[in-house]
Amino acid sequence: MSNHKNNSSNTVHFSIIGVLIVVCTLAVYTILTGAVPFTDISIGYGLFEIPQAASAQAQPIDWLFDAHFWLIAFLFAVIVVPLLYSIVVFRQEEGDETDAPHIHGNTALEIAWTVVPLIFVAAFIVWGWQSYFAVLAPSDNEVTIRAQAYKWDWDFYYPEHDNMFSKSIVVPVGQPVLLEMQSRDVIHAFWVPAFRVKQDVFPYDTNALEKNFANADYSSNYDHYKPQIMRFTPIEEGVFRVRCAEICGTSHYAMLAHVFVLSQADYDLWVAGEYKLPADPDFLNAQPGDGYYLDELDDYLNGTGEFDPSAGGDEEPAVEVEDESAAVDGTDES
Amino acid sequence: MRYFFTSSLFIGALGQWLTGYFAYNALTRLRFNLGYDVTPAPWFFRLRNFFGEDITPPGFDEPAMVLATLFSLIGFLLCSGVLTDWLKMCAGQRPHLTHGAQGKPEWTRYINVDVNHKVIGIQYGMSSIFILLVGGLLAILFRLELAMPGLQFLDGDSYNTLFSAHGIIMIAAIFAGVGAMTNYLGPVMVGASDMAFPRLNAFSYWVSVPSALILIAGIFMGGWDTGWVGYPTHSTSTTMAGVQMFLLGFYLNGFSSIASGLNLVVTTIYMRAKGMTYFRMPIFVWAALAASILQMTVTQTVGVALTMVVAERAIGLDFFGAIADPTLVAAGVPTGDPILFQHLFWFYSHPAVYVWILPGLGIISELLPVFSRKPLFGYKWIALSSVGIALVGSIVWAHHMLTSSMEPMWKVPFMISTLFVAVPTGVKFFSWVATIWEGKMRFQTPMLFVLGAISVFLLGGLSGPILGTIATDMHLHDSYFVVGHFHATIFGGFVFPFFAAIYYWYPKMTGRMYNEALGKLHFWIMVPGFWVMSLMQMRVGMQGMRRRIADYGPDLGIAAEQALITVATLAIGWSILIMLYNLVSSARSAEKAPANPWGSRSPEFQSPSPLPEFNYDAPITVVGDPYDYGIEDATYVVVPGAAGD
Ligand SMILES: [Cu+2]
Ligand SMILES: [Cu+2]
Chain Z
1 MSNHKNNSSN TVHFSIIGVL IVVCTLAVYT ILTGAVPFTD ISIGYGLFEI PQAASAQAQP
61 IDWLFDAHFW LIAFLFAVIV VPLLYSIVVF RQEEGDETDA PHIHGNTALE IAWTVVPLIF
121 VAAFIVWGWQ SYFAVLAPSD NEVTIRAQAY KWDWDFYYPE HDNMFSKSIV VPVGQPVLLE
181 MQSRDVIHAF WVPAFRVKQD VFPYDTNALE KNFANADYSS NYDHYKPQIM RFTPIEEGVF
241 RVRCAEICGT SHYAMLAHVF VLSQADYDLW VAGEYKLPAD PDFLNAQPGD GYYLDELDDY
301 LNGTGEFDPS AGGDEEPAVE VEDESAAVDG TDES
Chain R
335 MRYFFTSSLF IGALGQWLTG YFAYNALTRL RFNLGYDVTP APWFFRLRNF FGEDITPPGF
395 DEPAMVLATL FSLIGFLLCS GVLTDWLKMC AGQRPHLTHG AQGKPEWTRY INVDVNHKVI
455 GIQYGMSSIF ILLVGGLLAI LFRLELAMPG LQFLDGDSYN TLFSAHGIIM IAAIFAGVGA
515 MTNYLGPVMV GASDMAFPRL NAFSYWVSVP SALILIAGIF MGGWDTGWVG YPTHSTSTTM
575 AGVQMFLLGF YLNGFSSIAS GLNLVVTTIY MRAKGMTYFR MPIFVWAALA ASILQMTVTQ
635 TVGVALTMVV AERAIGLDFF GAIADPTLVA AGVPTGDPIL FQHLFWFYSH PAVYVWILPG
695 LGIISELLPV FSRKPLFGYK WIALSSVGIA LVGSIVWAHH MLTSSMEPMW KVPFMISTLF
755 VAVPTGVKFF SWVATIWEGK MRFQTPMLFV LGAISVFLLG GLSGPILGTI ATDMHLHDSY
815 FVVGHFHATI FGGFVFPFFA AIYYWYPKMT GRMYNEALGK LHFWIMVPGF WVMSLMQMRV
875 GMQGMRRRIA DYGPDLGIAA EQALITVATL AIGWSILIML YNLVSSARSA EKAPANPWGS
935 RSPEFQSPSP LPEFNYDAPI TVVGDPYDYG IEDATYVVVP GAAGD
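Order-wise, the sequence lines are chains Z and R. Note that the working numbering numbers the first sequence so that position 298 is 298, with each residue one more than the last. Take any residue in the second sequence, note its place counting from 1, add 334, and you have its number in the working numbering.
Mixed in with the good hints, there may be bad ones.
Partial list, derived from the structure: chain R residues whose beta carbon lies under 10 Å from chain Z [unchecked claim]: (1) G490; (2) L710; (3) L753; (4) P758; (5) S789; (6) P799; (7) D962; (8) G964.
Rather than coming from a laboratory, the hints here were simulated on the basis of the structure. Note that the structure is a prediction, hence the values are computed from the model and not measured. Ideal placement from N, C-alpha and C gives every residue a C-beta, glycine not left out.
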């Protein structure tokens, strides 16, 4: 935009725009996240709020989210500020039918706005790479849980505990989990928003699944056993909802399961069959404001409160877990 | 009315239904006689009403349905007459291209087979708007369902049918809209009198009509619940037989894409006016060329993928592992792999998104200089960025599979290539801003829609990288965030530019001026409505709402946002009805438009409105650059016989 007669007025324009871009970037970041940058102030509403993080894997992911929010805020400002500024300042004046100055292009500028984005791209490649491998990284003391997805439910097995069967994932807080997942029919996906991680569950080797899953020795007998794996390490006690995220037919919307993250002591009790889990709450009957996820159920699980089943219609509030199959039956009835 | 009942449109559609009817009848009788467990029936009507009851007649035969559907397409093509000239050629005759209305009223050209590119362009445009209304109606139905938690009036299957049909029907509408812009504008902008292959051009249009009808019919013939992606093993195993209509309609629409892409590429290469070098073409032609090359080269893979699903369902071939035959597995024969479909599908379907948005971005670049009275900033960079987007866009497909069963390491290169798309896209944005800078902008309706398009496409563009980096995509994949991102991309890259183009070339197409006040009203309802809709979609996705769900739990705390999205959707719907009223009423009664109402330098505005049959009365010559606004007496094209400007 050089070689033009009002170079000095351009300098004024660019100074104003520079200031506005900084202001706009900070404002957009605040609107997106609800947090005023470089301060501890929260405005209480972030347009792109993410659920509170409840897994170790969420930390690198949320860091990357934050980097993206900065990028969005900055690029938004860089485009929108000069655009609106032009509209307000340079628009056609009443009765002016002449053309605007003949500015054809500027090779230096074009190169600049090709190369500078390349730097951003490079940064995000590196960060994207690092965060991805941080999420994939195995831990030493992982416990394996096998998951089977089918229309429209989930089953879980605990190889460590003699392939114990459960309708919910139950893990002690802080325990790294390796999920080995398989589908019996179509593609499903495992997603717990508070854990951030998601993995599609493919129907590989549906034949092997027809055999007794619990007793199968996958390492030697089945060449085709190819589970999809996903890792998460829960860091918050509570109950979290597993949501199937791949369209799988009629009741896809209701294909839910639960992850109970317990204290180590409670978990030991559960393994011993002495800990009550609430029956699978029917989410369609839950009422707004129940908050029964991280409040009431949490209290219930921690033994400090009463789980109020009234929201769940006529289902049973809890199932006595004598042995695992009984728990399943009880849950299925609800 | 008489003209309607004798039109290609009516007779073709009638022929399509009769052929389908008799073909199904004959095929089921044949198969029954051969001993298959099939009830001979006159009709493959397989209906599922909104109460979820399947009222399919017993003995329904899916293979016969597939063949009958294919026959029905042939029935349409034969009855509409689009094949007549080619059949005559096969018989050794040399039919002449016929032009004009053949003694009927002028409007009948738009519902009959016609080889003029402008007529075909307007035919595409009208189809696009009609199909858009159908797809929009479906969206409004399921948006009403989603306005509150709990299932109100749809069940799982009918909801799934509605959103699946919404997706693919909108895609058919977008392809028709792209066809409208490239067909109407392509030849006239390069100074040609028509497309290189006028009969093929007519075929491209007339094959898209029955395929759209097949897609719409699929809703009633069983419906389907696979989304527009149709992933096996769900698509190969679902009991909702409408999935076959979806697959076939999608597949047949591909013929239209390939043929029209090829036609435009040849036209651009060989039929440019004297003096019109590549870098003197109006910028829209560059965008259309890039889109056409993509369309011509990648559509085949989705055709393969869809055919494989059709075959797996209808005759039991095993490509995707739906059939796990124990004896085969025991013998070490690997069954198919569902991931294969996803590769084939996205190898096409990602670039397809660029086929939809590149012409729209071309419209933005085309209109900004006219309404800013300034040259397009960095013409060559914008032109080449279209090609750059097309090239980079061809190697990013697996970013749709970042949570799939692909090897984790193989996801990384696709993350990298995806992030690179930001570079040519950024060039476009920055060049647009620089074009506007110091421009003496006029804010008539087309310019408003262009600015709205930039703002909305920015929203789509900025929400892209966060889906491209694998770690963040693990949270957002298949969430409502993707829905928000995708709609912003398509509205910014296609819908708003398409509407801008309709208003901008409306005087050129009809010879009359639209109503400016109604145009602005349309804009001021639609753009805020869209921003609210898209941002709220992204918000609920961030908070954990999955896409493609008939219901959501109140525990997510997103009920207010959902209600807001529904209200915004309704506002968008009403604003589009305002546009339709404007277009229809202005065509009848509005004042006559001048040849060049916008003071444009583009060649088509140097010829009368509406354009003559062959665009220019004599061949035009290009002597300058297209966007030299701000220079006195800078000439772009010399149009013999043009009045003054
Ligand atoms: Cu599922
Ligand atoms: Cu893509």
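Earlier hints that do not hold, by number: Violated: none.
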